[in-house]
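Add chain B to chain A, keeping to what the hints say.
Chains as they are written, first to last, in numbering that gives the first Met the number 0: chain A, 0 to 430; chain B, 0 to 104.
Note that these hints are calculated values from the structure, not bench results. The beta-carbon is built from N, C-alpha and C at its ideal position, and this holds for glycine as well. Please note that a few of the clues may not be correct.
[Stated by the list, open to error] As a list, the in silico BS3-like pairs of lysine-lysine whose alpha-carbon atoms are at most 30 Å apart:
no.	chain 1	residue 1	chain 2	residue 2
1	B	K48	A	K218
2	A	K169	B	K11
3	A	K248	A	K107
4	A	K177	B	K89
5	A	K347	A	K333
6	A	K333	A	K218
[What the hints assert, rightly or not] Coverage of chain A stretches by chain B, computed from C-beta distances (three or more under 8 Å per stretch; other residues unrestricted):
no.	stretch
7	353 to 361
8	405 to 416
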Amino acid sequence: MPEKFDVIVVGAGPSGTSCAYKCAQAGLKVLQIERGEYPGSKNVMGGVLYRKQMEAVIPEFWKDAPVERAIVEQRAWLLDKDSMVTTSVKNNSWEEEPCNNYTILRAKFDQWFANKAVEAGSLLINETVVLECIVEEGKVVGVRTDRPDGDVYADVVVLADGVNSLLSKKLGYHNELKPEEVALTVMEVLNLPKEVINDRFNVTDNQGVTIELFGDATKGNLGTAFIYTNKESLNLGVGTTLSSMIKAKMKPYELIEYVKNHPMVSPLIKGAESAEYLAHLIPEGGYYSIPKLYGNGVLLVGDAAQMVNGIHREGSNMAMASGTLAAETIIAAKEKGDFSEDTLSSYKTAILDSFIGKDLKKYKDANHTFEEQPQYFKDYIPMINRAASGFLTVDGTSKRDKQREALKTFTKEKGTFTVVKDLYRAWKVMK
Amino acid sequence: MEGDEINMEENKNAQTIEEKQYLIRFKADTESHLHVLDHDVCIEKCPDKLCTIFCPAEVYKWEDIRMHVGYEGCHECGSCRIGCPHENIKWEYPKGGHGIIFRLG
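Only chain A is shown next, with the shape it has when bound in the complex (with noise of 0.2 Å):
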């Protein structure tokens, strides 16, 4: 008779590991399988770690997790050819504990996080394939993993695997996903020295700048890029999505490179060193793209519930948090002694209660609409160059032409109908 366990979490990142933890912590019997050699060595992302919703799963977490620098400044830039509009918000309180967010190297973080649910009592299981879910009489009861006498049964199997998640397009939960659902991003690790970084950045040895960098960044596709401080190197990456790299045929690696050798992007990593070169899928297909997230006998957390705001580049938070709500779904039915459907079905009330469902709500016409309104980004960032650049050169004329000249940069090309009629969509989105 295999053994049997209370819950079975597949994956080991942020969703899969929170859960595991809470349940582990609470005395249920938890098994954690991941594919890769150790948890981390598959995962990827910019780098921004939320501490309010880590710090709900581990208190006070920072004073033992590798984390790089606490984000004290946070830039946007609109890029064009030769020129940027650029805002940005810096607060030093940031800094003091608790952080508003840190920067972390994934690889690290994973490692640590996965230990800790270990430490708490659950079993984890590296280098282990899980190819399908077992299903006996409509119920999930337990995963076919690769290895030799593989099978493993729980009560309830949670489904932390990733942005691909072919275990929940095998139970029917999802449909697969579009070209227009996903971005495709690439990122470098660039290694510089930690003075280097604090004079570039303006900085000190633990604050942090994440920078998102829109427009000429994609070549005017929808998407960004991003260059964030660790402690001794950058992580800078540029994504978009999927159907615009297809649709403009551009190739990843050469859009890195068209990044880091943009003139207000090379001065901040001149002479840096290549240390790693990561390409990863993100979900962003938003609030239409939510699977059905419960089922008999399991649930989804994380990006395999799409759950990420790629308006705000959050998904890490939301992974924590759909994980911490899984497992207080799970330990309640253990107390009942009932996993079924209808008893885990509280687990979607919660995620759609909670940030999560309003935030991915809010925004839930935001990417369609600027995938299919490409001027946003193709047309108006340079635009908003040209008038911004126009405005601030002395050239004699006075302020008051200056001013007419700025609005008709827009106007002109565009036409005074068009442009109200594509702020107010933006509003729409965005509101």
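Same frame as chain A, now just chain B:
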């Protein structure tokens, strides 16, 4: 020598896809986890050979009449699974513990 220093800097910065892939640790399986289902579909229905463009690791290379699949350098991102316009790629995970092994990000 100043010239030498500049050269060294350039060497440290991985520019081409070959240089980028060289930075990564892989534990290749003996069998491919990626399979082109029908090479004739690539020949007859896919003039642009899109996977050779968007694959971030240049796993797919067109060789006259068939698609060469360099699965050993795959990042397991899933782009080809979703992006192949003819759903002509069978995509699985490599055997447990195999494939790409990220050390940092």
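Verification of the supplied hints:
1. B:K48 with A:K218: holds, 22 Å
2. A:K169 with B:K11: violated, 44 Å
3. A:K248 with A:K107: Outside the cut-off at roughly 34 Å; violated.
4. A:K177 with B:K89: The hint holds at about 16 Å.
5. A:K347 with A:K333: holds, 17 Å
6. A:K333 with A:K218: The given pair, whose Cα atoms are some 52 Å apart, is violated under the 30 Å limit.
7. 353 to 361: violated (count 0)
8. 405 to 416: violated (count 0)
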